[in-house]
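Assemble the whole structure, with the sequences as input and the hints as a guide.
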Amino acid sequence: MSTAKKKTGTKTLKGAKSGHDGRQLFSILEEGGHVAKGKDPKIPKDELIRLYRAMITTRIMEERALNLQRQGRIGFYVPCKGQEASHIGTAYALKDSDWVFPAYRQPGIMILRGAPMQQIVDEWYGNEGDICKGRQMPVHYSFRQIHFVSISSPIGTQMTQAVGAGMAAKYRKEDTVFMTYCGDGGTSENDFHCSLNFGGVYKAPVVFVVENNQWAISTPLETQTASETLASKAEAYGIPGVRVDGNDILAIYQVTKEAVDRARRGGGPTLIETLTYRVGPHSSSDDPSRYRDDAEVQSWMDKDPIERLKAYLKKKRWWSQEMEDEIRETARSEINAAIRNAEEKKPPSISSMFEDVYLEKTTQLVEQEDYLKSFGDNEANQIGEFPL
Amino acid sequence: MTEMTLLQAVNDALRTEMGRDDRVLVFGEDVGFNGGVFRATEGLQKEFGEERCFDTPLSECGIIGTAIGMALYGLRPVPEIQFMDFIYPAFDQIVSEAAKMRYRSGGEYTCPMVIRTPCGGGIRGGHYHSQSAEAYFCHTPGLKVVYPSTPSDVKGLLISSIRDEDPVIFLEPKRIYRSMKGEVPEGEYTVPLGKGRTVREGRDCTIVAWGAMVDVCEKAAVELATKGKEVEIIDPRTLVPLDESLILDSVRKTGRLVVVSEAPRTGGFAGEIAAIVAEKAIGSLEGPIIRVTGFDVPFPYTLEGVYMPDPRRVVRGVEDSFNW
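Residue numbers (our numbering), protein chains in the order written: chain A, 1 to 388; chain B, 1001 to 1324.
It is possible that some hints are incorrect.
[As the list claims (entries may be wrong)] Per the computed footprint, the stretches of chain A lying under chain B, defined by three or more beta-carbons under 8 Å from a beta-carbon of chain B, are:
id: 1; stretch: 32-42
id: 2; stretch: 132-141
id: 3; stretch: 212-219
id: 4; stretch: 291-297
id: 5; stretch: 360-367
[What the hints assert, rightly or not] Quick look at which bits of chain B chain A covers, simulated, 3 or more residues with Cβ under 8 Å:
id: 6; stretch: 1015-1024
id: 7; stretch: 1032-1039
Simulated from the structure, these hints should not be mistaken for laboratory data. All residues carry an ideal CB built from backbone N, CA and C; glycine is no exception.
Spelled out as structure tokens, the structure:
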């Protein structure tokens, strides 16, 4: 694999052609759905409503998931409330054939890309219908059909993998683009730095999205980094970095589209910092009232990304109460049906536990499976509860 | 004596040592202001200040690498890795650096530090919040590996680990963090590293287990007693250094050995104990050495209850040591 021939000079570090850089916050949507003259990315009505629907569906899905967790019907959940625009808006700039290497807080991408709700919900239950065969905790999805790569809990590991996939596409002379995500906490991990470095060196067709929701569990951004902004970290790796209002889906789409186009043209990776806020807890086991003020949370709820897009739709006269009701009702009924079905399904079989370790079971695995089956019961004995 | 949970015993040990020795620093992800995701470090920042108990950026490698530096400069760092499953970004620092520092410098430089980390399954944590990965560290010369099973041992062993001159991997079985309570001595209570504990005496079969598995074996022992078999349970407490003589003496008495470990079977520490007994006490064995372990699969979510060794499987293991 050859390294990039051209040196990335400081001129290109300014990044996107609209002139934003890693230190200034780019936004489009203003108060009341206004858009400054010449800044509207002019996303067609149907497409905007599709985005609006994906954001609302994600929000409703998560409200149900957290309730299920509280009722003890699923074991765990990681909500993304407040960050819907950040990941849906970035992923929207991709083609369907492009790949996503997600972290664990981007469920809206599955919704946007049309993952079946039943399979999402089956994963929460870890039942026999779950694509991952009940092997992973809730929210650790894998959806090959929509090019959404299997999620792990360790932080940032997916980012270097996205670069490698980008190198592979380049080697095969295919124009697939790879988008990968992490949070502000993820920027401290080795993999984040390796991915930016390799991405820059090999000019991989990758877009790195850092969803800066300002809290890594209880650790605030100021403990995470001494950098002025997260996007500015790109500069040291010789790639463009842009910082965008993470609750402004128009701005997010605009900067991401430029990054995706650049990656597809062979211009290499871009780091996009979406400035947003984790309105909810880190996970169903976290109590954020222990470490942050309600006033701070409230100030971000006032910048809710769904409400901001709604104001814009209203301004365009593209919103109606009937449409809103239909979107919400469709989402609710789809999710409720999926939950009903999921709860009727059985746990995965004992045999399934020994499958997929390798393509073929080793002698030892065959023996271990026989041993376990000799106990005769196939019940999944649930023990303990997840405390984080 | 005060009744404490395992978690409270961790907290008590840290507070005791921080109060006694200002070289002791506690840090990691969420350990400061929030007191740790399990609350193991609750109140330490308030009591000892942000210089001595603090939150770090999200980087296990950073946490351990800086801890090594602190140890080299004369402090006694006690970094926390939030879950043992997240320790791998720091693996290089632990096995290449901390473990070898004394040896490679001819004893000039040392790394007296304790890496605390919750480990093991039983909390519905799936692949990445359940592993019991002690074998990787036992396999690395230069590291001590401590894996306690009761609140009083947690306190006594953690204090000894902090005072130890070598790097210690201190594994806390999170399944019994809150569920297990026990009397814990107050103040500077220590339990020496390398000295095991006879949990229950018996003449028919020796069971060796550590961490959360000790409790499982005690339950099995009650059932076995009703079947007329008195088992002796040995908790080595520390895997490195290992109290071999306690295990060997027990096996010489009972003539049988079952080793119980929740980690995957292949390459696990249960095999090490089996090998030691086979080498040094084969003449005393009246039946095969039996391992009751996790399976050679990544730790599963839904089926964790059948993955983890339970009393039923321990009972079968003991029976198998007789019926062969």
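Hint numbers not upheld by this structure, sorted from lowest to highest: Result: hints 1, 4 and 6 break, sorted rising.
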